[in-house]
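Chemist: Sequence:
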Amino acid sequence: MAIHSLTAPRTPMNSASISLIIGNTEYTKEPFTKTLQVKKGKQSAILTGLPTNGEHYVLNIAIGKQNPVTTTGQLADTQITPYAKEKVTVKDGKYTLALPDLEDWYKIYVYENEVPREFGVTYVSQKFPYIIRGRTKLSELTFTPASSTSSLKLVIEDYASNKATTMLR
1 MAIHSLTAPR TPMNSASISL IIGNTEYTKE PFTKTLQVKK GKQSAILTGL PTNGEHYVLN
61 IAIGKQNPVT TTGQLADTQI TPYAKEKVTV KDGKYTLALP DLEDWYKIYV YENEVPREFG
121 VTYVSQKFPY IIRGRTKLSE LTFTPASSTS SLKLVIEDYA SNKATTMLR
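Residues in the sequence shown are numbered consecutively from 1, following this note's numbering.
The set of hints was computed from the structure by calculation and includes no laboratory data.
One or more hints might be untrue.
[Claimed, not checked] In silico lysine-lysine, DSS-like type, Cα no more than 30 Å apart, as pairs:
hint	residue 1	residue 2
1	Lys85	Lys107
2	Lys85	Lys137
3	Lys137	Lys153
4	Lys34	Lys65
5	Lys87	Lys65
6	Lys91	Lys34
7	Lys137	Lys107
When you get a sec, could you build the whole thing from the sequences and use the hints?
Modeler: Put into structure tokens, the structure is as follows:
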């Protein structure tokens with residue numbers, strides 16, 4: 001949630017127009033605009049139905065026929081799209097995970113029977129109980145489960161700590 005406030009002028013305020021604009025960016029392919037007319041005398045306004053993906057925005061506020069005042073900010077990031085099951089290929093019992101299409105994913109946890117698998121990363125010999133964006137060795141994205149009947153679950157996490165689960169089997 002983004003909060004911007006203005007101090008009411010000493011003289012009664014004319015009606016105001018508020019526009020929130022999100023252009024084509026890394027998080028959205030479709031521009032988004034929300035406009036609200038604030039009636040004369042009102043000192044606040046709430047824009048609802050806004051995206052919840054951490055998108056950056058431009059906010060224009062125009063009072064009466066004056067030129068707008070512009071500010072920028074970032075909306076709250078409260079959602080993440082689950083890892084697409086179709087991005088996993090299985091051949092001869094080996095699972096290969098393709099990198100997600102999401103722009104803000106950070107980690108992927110892979111659980112076999114609720115036990116986290118470990119993955120090697122670049123620069124250190126230590127293994128981690130998750131795939132780290134930009135650090136996990138690509139060769140580690142192919143693995144063979146310990147059992148052909150075990151459950152496999154993926155949990156994807158973004159930079160805002162939102163998580164979504166995908167059951168592979």
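Chemist: Check the structure against each numbered hint from earlier and tell me which ones fail, lowest number first.
Modeler: Numbers 5 and 6 - these are the hints that the structure violates, sorted from lowest upward.
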